[in-house]
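S.K.: Letter by letter, the chains look like this.
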Amino acid sequence: MTEMLETTAPIVVIGAGQAGLAAASKLRDLGHAGPLTLVGDEPEPPYQRPPLSKAYLLGEMARERLFLRPSAFYAERDLTLLTGRNATEIRRDERQVMLSDGSALPYQHLLLATGARPRLLPGPDLQGVLVMRSLADADRLAEAVRPGLRLLVIGGGYIGLEAAATAVKLGLQVTLVEAAPRILGRVAAVETSDYFRELHRAHGVDLREGVGLAHLTEAAGRVTGAVLTDGSHLPADLVVVGIGVLPNIELAQAAGLTCDNGISVDAYCRSSDPAIFAAGDCASFPWRNQRIRLESVGNAIDQAEVAATNMLGESCEYQAKPWFWSDQFDVKLQIAGLCGRHDRVVTRAGAGAGRSHWYFHGDRLEAVDAMNDPRVFMVAKRVLEGDRPVDAAFIADPANDLRALLAS
Amino acid sequence: MVSITYIEANGTAHRVEVAPGLTVMEGARDNGVPGIHADCGGACACSTCHVYVAAEWIDRLPPRDEIEQDMLEFAWEPDAERSRLTCQIKVTPELDGLIVTLPERQA
Numbered sequence: 001m002t003e004m005l006e007t008t009a010p011i012v013v014i015g016a017g018q019a020g021l022a023a024a025s026k027l028r029d030l031g032h033a034g035p036l037t038l039v040g041d042e043p044e045p046p047y048q049r050p051p052l053s054k055a056y057l058l059g060e061m062a063r064e065r066l067f068l069r070p071s072a073f074y075a076e077r078d079l080t081l082l083t084g085r086n087a088t089e090i091r092r093d094e095r096q097v098m099l100s101d102g103s104a105l106p107y108q109h110l111l112l113a114t115g116a117r118p119r120l121l122p123g124p125d126l127q128g129v130l131v132m133r134s135l136a137d138a139d140r141l142a143e144a145v146r147p148g149l150r151l152l153v154i155g156g157g158y159i160g161l162e163a164a165a166t167a168v169k170l171g172l173q174v175t176l177v178e179a180a181p182r183i184l185g186r187v188a189a190v191e192t193s194d195y196f197r198e199l200h201r202a203h204g205v206d207l208r209e210g211v212g213l214a215h216l217t218e219a220a221g222r223v224t225g226a227v228l229t230d231g232s233h234l235p236a237d238l239v240v241v242g243i244g245v246l247p248n249i250e251l252a253q254a255a256g257l258t259c260d261n262g263i264s265v266d267a268y269c270r271s272s273d274p275a276i277f278a279a280g281d282c283a284s285f286p287w288r289n290q291r292i293r294l295e296s297v298g299n300a301i302d303q304a305e306v307a308a309t310n311m312l313g314e315s316c317e318y319q320a321k322p323w324f325w326s327d328q329f330d331v332k333l334q335i336a337g338l339c340g341r342h343d344r345v346v347t348r349a350g351a352g353a354g355r356s357h358w359y360f361h362g363d364r365l366e367a368v369d370a371m372n373d374p375r376v377f378m379v380a381k382r383v384l385e386g387d388r389p390v391d392a393a394f395i396a397d398p399a400n401d402l403r404a405l406l407a408s
Numbered sequence: 001m002v003s004i005t006y007i008e009a010n011g012t013a014h015r016v017e018v019a020p021g022l023t024v025m026e027g028a029r030d031n032g033v034p035g036i037h038a039d040c041g042g043a044c045a046c047s048t049c050h051v052y053v054a055a056e057w058i059d060r061l062p063p064r065d066e067i068e069q070d071m072l073e074f075a076w077e078p079d080a081e082r083s084r085l086t087c088q089i090k091v092t093p094e095l096d097g098l099i100v101t102l103p104e105r106q107a
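Chains as they are written, first to last, in the numbering used here: chain A, 1 to 408; chain B, 1 to 107.
Worth flagging that the hints you see were computed from the coordinates, not collected in a lab. Mixed in with the good hints there might be a few duds.
[Stated by the list, open to error] With a straight-line cut-off of 27 Å between C-alpha atoms, the simulated DSS-like cross-links for lysine-lysine are:
#, chain 1, residue 1, chain 2, residue 2
1, B, K90, A, K54
2, A, K332, B, K90
3, A, K169, B, K90
The shape of chain B in the complex, shown without the other chains (with noise of 0.2 Å):
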């Protein structure tokens, strides 16, 4: 398993384990983290997972593909170099320790 902090908003921070090959969307939803929607189920399709890495997993992350990058800058007051689309990073063990941020508000 792998460990991921979710830290909401308000400061809340829910570490929790989660299964390499979900995402780390799910695994905010199957641990019931609030404040990541993904109205859409993971299909890059609403941006309402949006987070922020913790700035030491930026470079760490597999970077952006077109899409996301497209969504990202619509979505909740984006970070260029932190905003990520959650349903878009597939969960790897490499993941371990990863520290995401959640908006205030979801798109």
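Chain A extracted, bound-state conformation (with noise of 0.2 Å):
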């Protein structure tokens, strides 16, 4: 069903980041003329995360380099760019957002783009101790690594792995714990935590797991080291803790809206108020007969264009198509489809040193973590987007030319 497109009416977006950056641009392209505010918390125009723990992090790549869009597009778009500033409440009766700087944004759609925020650790704020999420982060990181420097890492998911293997490039001497008794326990098969664990000892990360931090040591406000969980204390100049993020729901949540692991919303985007919409790693989404959250780039943009079609009066089914991707040390991993329920794991050897590891569940391929190898990822993306079907021996015969799955 296509009902006449509201192009005047006006939009507010909450959140500068990767998805309502996509929500914004998408309504313009697709004819949006009304006001269009785009409010964001950071003083940052909107820019790209996934370089922070990585090229950035090295001083590989420039600070300007990491802005999504160059300052004159926001003038050219016609599109009002806040920074610097929160939302504090929604009057949901009145169709207003209240920003801290105290003025008051009336809407007749809304996006909650609000992201996510790292879990901190309980207890005072020691200096010596960081996240990373921000620019701001990354630009503290950046300032306090030094060649030598023992970093601890709490978190053996993606962001503490890759901000160990971007430590010891920098020449920090690294040790990583991770509570679960695996790394990356949450998001990937035995496997695959298996060949991070081999690659982030191979190059010197003192990786140690089922071992977590009882607490920080400190000295004047400054941390120490860490007491972990079997008792032993690890003296560090530095900790990045790496322990997950939160959905950032508290606006939502204060406005009534229902939330459930992030702002719920419908398959077409909308929270429990239809004029509110939610998108990125904020939202919790119906898939496949459960409710999930995303935190990825691929998700944000992806959902924030199918709710910025919809804030227009169209009908889009979010059809999600997860993927991701990691850079540590020499390997890239590049992950399609959403590792949960699988209960079988197919390893396939690539050309030269990649290698994959194929998520099955029964006979169905639920999703791939290709190391170093962008073919697989490639395929395994189209077979997951078509559902087509893949026989696990075929897979496992690095002979087979992968193609063949894509016949039809």
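Quick one: dock chain against chain with the hints and give me the complex.
M.R.: Now the structure itself:
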């Protein structure tokens, strides 16, 4: 069903990250000509986060290159970008958003693209304890790192592992502790955990699993190390905390919107208030009989674009096609699909150093982790998008040409 | 500055000036050239910054590495000779006058 597009109604987007920007751009591309305001709490215009823990921290990528659009873009598209301020309240009956600078923005449709924030350790802030999410976080870390310093990374997820890899390249002595029995336990199969454990150890990371943080030690407000759950004390000059993120749902909650591991939206990216949409890291949405929330660039862009389309009166369903990537040392990991309910993993040796892990639930392919094997990633992505059948035995034999999987 | 011409699939040409040191992808992004998505921001992870390089430029560009080659194979309608991922082409003074054509869509 296509209604007449509502092209002049005021739209407000809260959150100037990847999702917020994608939605605003899409609205203009689709012909929305009404007032359009993008509100971000960080001082910078929308920028890319993925390079922060990698090329940016390494000093290989200048700050200006992080920005998703040139500064002229906002004026050219008649898009009001308000940075350095928060939305403090949504007045749903008045259809207004209140901002921390005291102003009020009226809206016909509102998009919440508020993202997520790092989980923090309990206790007081200590100097030398850092997180890795924003440009400001990356700048603090870049300022603090020096060759020879002892870095403790808490958490063996992708952010922790990327921070560890980058720190090793920068000449730090790195220890990584993961409280769960294995790194990447929440997001990858045992085989992939094994692969990255080996990779990090080969590069000199002291990687310890099944041991968590009991508490940090400090002197005069500065971190000096950590006592671990096995009772050992680890001296450290710097600590990076990578223990996951929390979706920013407080604004939505206070407005009475339904939240469930994120701002709950339906297949059309609508919250429990049909005038309010949500997309990106902050939004949980229905996917194959469950409700999920994805923390990825791909999801942020695609979901925000669907939300934008629907804000103009269309009714497009968001069909998530989860994909992710991570760069660690000399390994490019590309993930297609979503790990979660596999009962079998098939390993395929690729050309050269390439390798891939194929996750099956019964006969159904669920996800693929491709390490230095972009061909596998590209094929797997298509196979998963098309929901094509895959024979595990065929995959396992490296002599078989994967193109056969795409033949109709 | 280095002059690069991006031609959309519909024939619309954008001749823009790009600073050396950026990538051909960033040149498109910073000048509002539509059709180069670069979802991954230049990590050679998504293949959505695919273009066809004008024939006379193929040999004047640094060659593809293995990862770019593999990604391109599954891009939208790749051309064995002319296809490149623009995030992998660094802009240098030698590229002045480069002409690239965008595919009808990105993968």
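S.K.: Now, for every hint given, state plainly whether the structure supports it.
M.R.: Right, here's what the structure says about each hint:
1. K90(B) with K54(A): Satisfied, since the Cα-Cα distance of roughly 19 Å is no more than 27 Å.
2. K332(A) with K90(B): holds, 20 Å
3. K169(A) with K90(B): Since the Cα atoms of K169(A) and K90(B) sit roughly 23 Å apart, the hinted pair holds (cutoff 27 Å).
When held up to the earlier numbered hints, the structure conflicts with none and fits them all.
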